[in-house]
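Novice: In order, the protein sequences belong to chains A and B.
Note that this note's numbering gives residue 261 to position 260 of the first sequence, counting from 1, and the numbers run on in steps of one.
Note that this note's numbering gives residue 158 to position 157 of the second sequence, counting from 1, and the numbers run on in steps of one.
In short, the hints are calculated from the structure, not lab data.
The beta carbon of each residue, even a glycine, is placed where N, CA and C say it ideally should be.
Check the hints yourself; a few may be wrong.
[Said to hold, decoys possible] Here are some, though not all, of the chain B residues that point toward chain A, as calculated from beta-carbon distances under 7 Å:
no. : residue
1   : 50
2   : 52
3   : 90
4   : 99
5   : 100
6   : 104
7   : 108
8   : 118
9   : 121
10  : 138
11  : 181
12  : 216
13  : 234
14  : 267
15  : 296
16  : 340
[Unchecked claim] Here are the in silico distance ranges between beta carbons for each label pair:
no. : chain 1 : residue 1 : chain 2 : residue 2 : range
17  : A       : 324       : B       : 35        : 28 to 34 Å
18  : B       : 49        : A       : 96        : 35 to 41 Å
19  : B       : 35        : A       : 133       : 47 to 53 Å
20  : A       : 7         : B       : 159       : 50 to 56 Å
21  : B       : 49        : A       : 38        : 40 to 46 Å
[As the list claims (entries may be wrong)] Just some of the chain A residues that point at chain B, by a computed CB distance under 8 Å:
no. : residue
22  : 87
23  : 107
24  : 176
25  : 179
26  : 181
What follows is each chain in one-letter form.
There are 2 protein chains.
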Amino acid sequence: MSRRRVTMTDVARLAGVSPTTASFVLAGRRDMRISGDAEERVRRAARELGYRPNLTARGLRTSVTRTIALISDTIATTQFAGEVIHGALDAAGARDHVLFVAETEGDPRTETRLVEGMLDRQVDGFVYATMYSREVRLPAALRDARVVLLNCYTEDTLAPSVLPDEVGAGRDAAGVVLGAGHRDGVHAVGGRHLTDATPDGVWAGWERMRGVEEVLAGAGVRLDGVAECDWQPEDGHREVLRLLGAGTVPRALICLNDRIALGAYQALQESGLRVPDDVSVVSFDDSDLARWLRPGLTSVALPHYRLGRTAVELLLDGETGAAVHRVPMPVMLRASHARPES
Amino acid sequence: MSRRRVTMTDVARLAGVSPTTASFVLAGRRDMRISGDAEERVRRAARELGYRPNLTARGLRTSVTRTIALISDTIATTQFAGEVIHGALDAAGARDHVLFVAETEGDPRTETRLVEGMLDRQVDGFVYATMYSREVRLPAALRDARVVLLNCYTEDTLAPSVLPDEVGAGRDAAGVVLGAGHRDGVHAVGGRHLTDATPDGVWAGWERMRGVEEVLAGAGVRLDGVAECDWQPEDGHREVLRLLGAGTVPRALICLNDRIALGAYQALQESGLRVPDDVSVVSFDDSDLARWLRPGLTSVALPHYRLGRTAVELLLDGETGAAVHRVPMPVMLRASHARPES
């Protein structure tokens with residue numbers, strides 16, 4: 002910065018006290034007797050001069066820089082990232098911390114370089130995040146650091162983990178379908194995301210489907226079919242057209258995310274079927290799309306803001322141990338589900 | 002961090018040189034004669050011990066912390082934020098800098114607190130960003146700092162500014178419509194965003210419309226109408242239904258963003274009109290929606306990644322002065338425009 006920094010010595014001089022006295026007052030220390038008058042003079046001098054503590058120097062002495070780092074595989078590719086960062090920033094700001102953000106793009110060497118860059122800057126702790134829920138291996142450089150895992154889990158360390166309650170979300174989605182009165186013609190589109198690229202599926206798919214099947218089974222209802230596919234609009238479109246082409250008219254579609262639901266809407270519309278009169282649709286994520294579709298799409302929300310906030314709260318409020326914190330996923334009821342006719 | 006930090010003294014001891022010699026070698030300084038052999042021993046010792054420079058201490062001596070701050074009004078409310086951050090991270094990483102991210106939520110007191118928090122941490126510079134293009138007043142605390150403005154502009158300082166070339170985008174959108182052969186029935190939906198809440202409109206609206214009207218006028222074509230409204234799907238839906246209700250069937254709609262275009266698609270579909278056979282649609286932003294709509298929507302892309310990257314490049318590569326850098330907006334051609342029938 003070009004402006005000369007106002008130093009503690011400047012403050013002490015204006016206040017007419019020793020630098021040590023000024024420093025004790027401004028650090029809020031109570032282990033030295035200082036008169037109320039001197040304290041007031043120091044505070045006034047600091048205000049007048051616009052004195053700001055040098056946190057870089059303080060960091061050296063106390064090993065607390067009041068900075069934390071959010072390191073993730075990729076922030077940019079999901080439209081939800083903003084809300085995660087927003088929640089993290091709110092929790093950090095409330096605790097007077099600032100936030101580094103870094104992306105590894107899934108490259109271990111970049112990850113090591115970034116983690117070491119943050120350790121060089123003596124961050125107080127890390128939130129290690131993935132944009133899709135999954136198991137991870139923590140980089141070696143993080144093994145000794147304070148870490149909270151966000152949207153992922155690991156066997157490597159005892160760090161706390163924050164994950165969305167996807168099983169609960171699946172239960173709630175099935176509950177909406179049952180609550181509307183559907184018992185037949187219920188199909189899931191997207192399933193566990195068992196595709197060539199992800200032959201083992203994805204974590205959110207397994208968890209959501211577990212919740213769905215558990216609640217349907219409890220009511221004696223069986224899924225008429227599960228279309229395993231990728232989770233993009235074109236996949237929802239293709240799979241619903243395929244169902245209809247095979248002569249099946251579903252009564253309720255449980256789409257594994259909103260993008261699939263968009264494709265389902267498009268396929269139903271092209272086929273002259275109405276949502277929700279002919280076919281009910283429920284979904285997951287509650288992205289902007291859910292509000293924008295006509296009729297509005299009932300969707301179980303990924304609580305991005307709360308995930309980001311909770312991770313930073315656990316990090317800064319001193320939570321330790323390997324506990325997994327499940328953040329509830331609220332159901333956003335809209336107009337895409339109805340009682341089946343006939 | 003719980004692990005004891007490897008110090009320069011440890012490295013010097015293992016290498017059998019003085020701490021000063023070790024420090025000169027590792028700082029890459031050339032103002033002291035050091036034998037090639039000693040230099041090699043120091044580097045090997047640093048590698049073996051896993052020595053990392055203490056950037057907090059280095060920051061105190063050199064006033065360069067290799068950190069920058071991205072301060073914005075709100076990151077979370079736009080789905081594009083991720084790409085802006087991604088671009089900024091790439092440019093920062095390529096220059097061995099890390100990035101603080103902070104949000105003011107438009108509150109001047111929060112803004113002052115955050116800027117001072119960053120100055121306390123001795124950041125090397127700031128990217129000051131807004132999520133919607135507009136004029137801003139820089140906070141007083143930033144007047145003496147190195148700043149690049151992103152997606153905004155100001156009369157306050159001589160800082161460089163990075164803005165999308167919205168006029169060029171408007172020209173290109175009109176060019177697509179003319180290129181398809183439309184000369185009649187061309188309407189704009191969204192206009193300058195002249196609403197009760199924004200009686201003066203928004204900057205992107207004025208700029209896009211200026212480009213549109215310039216190119217149409219050059220070809221002797223006039224807009225048949227401009228619907229001034231908010232830029233959400235429901236507004237596009239309502240305005241297109243209103244047009245159709247008044248007995249007008251447009252031949253080409255220039256929607257001021259993709260959300261409006263989604264609403265227009267919905268209204269046309271409900272009215273039994275086909276895109277592009279009956280009505281061509283072109284748009285701005287190139288959000289995910291543009292790819293997801295059926296048929297795919299031709300849209301002029303907001304270059305979020307490049308905006309973020311350019312701002313950090315200008316900041317770290319030493320650009321000064323009040324120049325405005327216009328980042329081109331590429332046209333993404335898809336299937337929503339066609340030659341008018343008859």
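Novice: Determine for every hint whether it applies to the structure shown.
Specialist: Consistency of the hints with the structure:
1. Interface hint status for residue 50/B: violated, as the beta-carbon distance to the closest one in chain A is roughly 14 Å, over 7 Å.
2. For residue 52/B, the interface hint is violated, the least distance from its beta-carbon to any beta-carbon of chain A being 11 Å, above 7 Å.
3. About 5 Å separates the beta-carbon of residue 90/B from the nearest beta-carbon of chain A, less than 7 Å, and the hint is met.
4. A distance limit of 7 Å between C-beta atoms decides the matter here; for residue 99/B the minimum to chain A is near 5 Å, and the interface restraint holds.
5. A hinted interface residue such as residue 100/B counts as satisfied when its beta carbon comes closer than 7 Å to some beta carbon of chain A; here the least separation is about 6 Å, so the hint holds.
6. For residue 104/B, the interface hint holds, since its Cβ comes within 7 Å of a Cβ in chain A; the closest pair sits about 5 Å apart.
7. Annotation: interface hint on residue 108/B violated; nearest CB of chain A at approximately 11 Å, more than 7 Å.
8. With a least beta-carbon distance of about 5 Å to chain A, the hint placing residue 118/B at the interface is held under the 7 Å criterion.
9. The interface hint given for residue 121/B holds, since its Cβ lies 4 Å from the closest Cβ of chain A, which is under the 7 Å cut-off.
10. Hint status for residue 138/B: violated, given a least beta-carbon distance of 19 Å to chain A, over 7 Å.
11. The beta carbon of residue 181/B is not positioned within 7 Å of any beta carbon in chain A (closest approach about 24 Å), and the interface hint is therefore violated.
12. Checking residue 216/B against chain A: minimum C-beta separation of about 30 Å lies over 7 Å; hint violated.
13. At about 5 Å, the closest approach between the beta carbon of residue 234/B and any beta carbon in chain A falls short of 7 Å, and the interface hint on this residue holds.
14. A cut of 7 Å between beta carbons decides the hint on residue 267/B: the least distance to chain A is about 5 Å, and the hint holds.
15. Against a cut-off of 7 Å between C-beta atoms, the interface hint on residue 296/B is violated, since the closest Cβ of chain A lies about 11 Å away.
16. At a threshold of 7 Å, the smallest CB-CB gap from residue 340/B to chain A is about 24 Å, leaving the interface hint violated.
17. For residue 324/A and residue 35/B, the hinted distance range of 28 to 34 Å is not satisfied, since their beta carbons lie about 52 Å from each other.
18. For residue 49/B paired with residue 96/A, a C-beta distance near 38 Å keeps the hint of 35 to 41 Å intact.
19. Against the hinted window of 47 to 53 Å, the Cβ-Cβ separation of residue 35/B and residue 133/A comes to about 50 Å, which satisfies the hint.
20. For residue 7/A and residue 159/B, the hinted distance range of 50 to 56 Å is not satisfied, since their beta carbons lie about 24 Å from each other.
21. About 57 Å separates the C-beta atoms of residue 49/B and residue 38/A, a value inconsistent with the hinted range of 40 to 46 Å.
22. Look at residue 87/A: its Cβ gets to within about 3 Å of chain B, closer than 8 Å, so that hint holds up.
23. For residue 107/A, the shortest C-beta to C-beta distance to chain B is roughly 13 Å, which exceeds 8 Å, and the interface hint is violated.
24. Because the beta carbon of residue 176/A sits about 28 Å from the nearest beta carbon in chain B, more than 8 Å, this interface hint is broken.
25. Checking residue 179/A against chain B: minimum C-beta separation of about 30 Å lies over 8 Å; hint violated.
26. Because the smallest distance between the Cβ of residue 181/A and any Cβ of chain B comes to about 24 Å, over 8 Å, the interface hint for this residue is violated.
In terms of the numbered hints stated before, the structure departs from hints 1, 2, 7, 10, 11, 12, 15, 16, 17, 20, 21, 23, 24, 25, 26, listed from lowest to highest.
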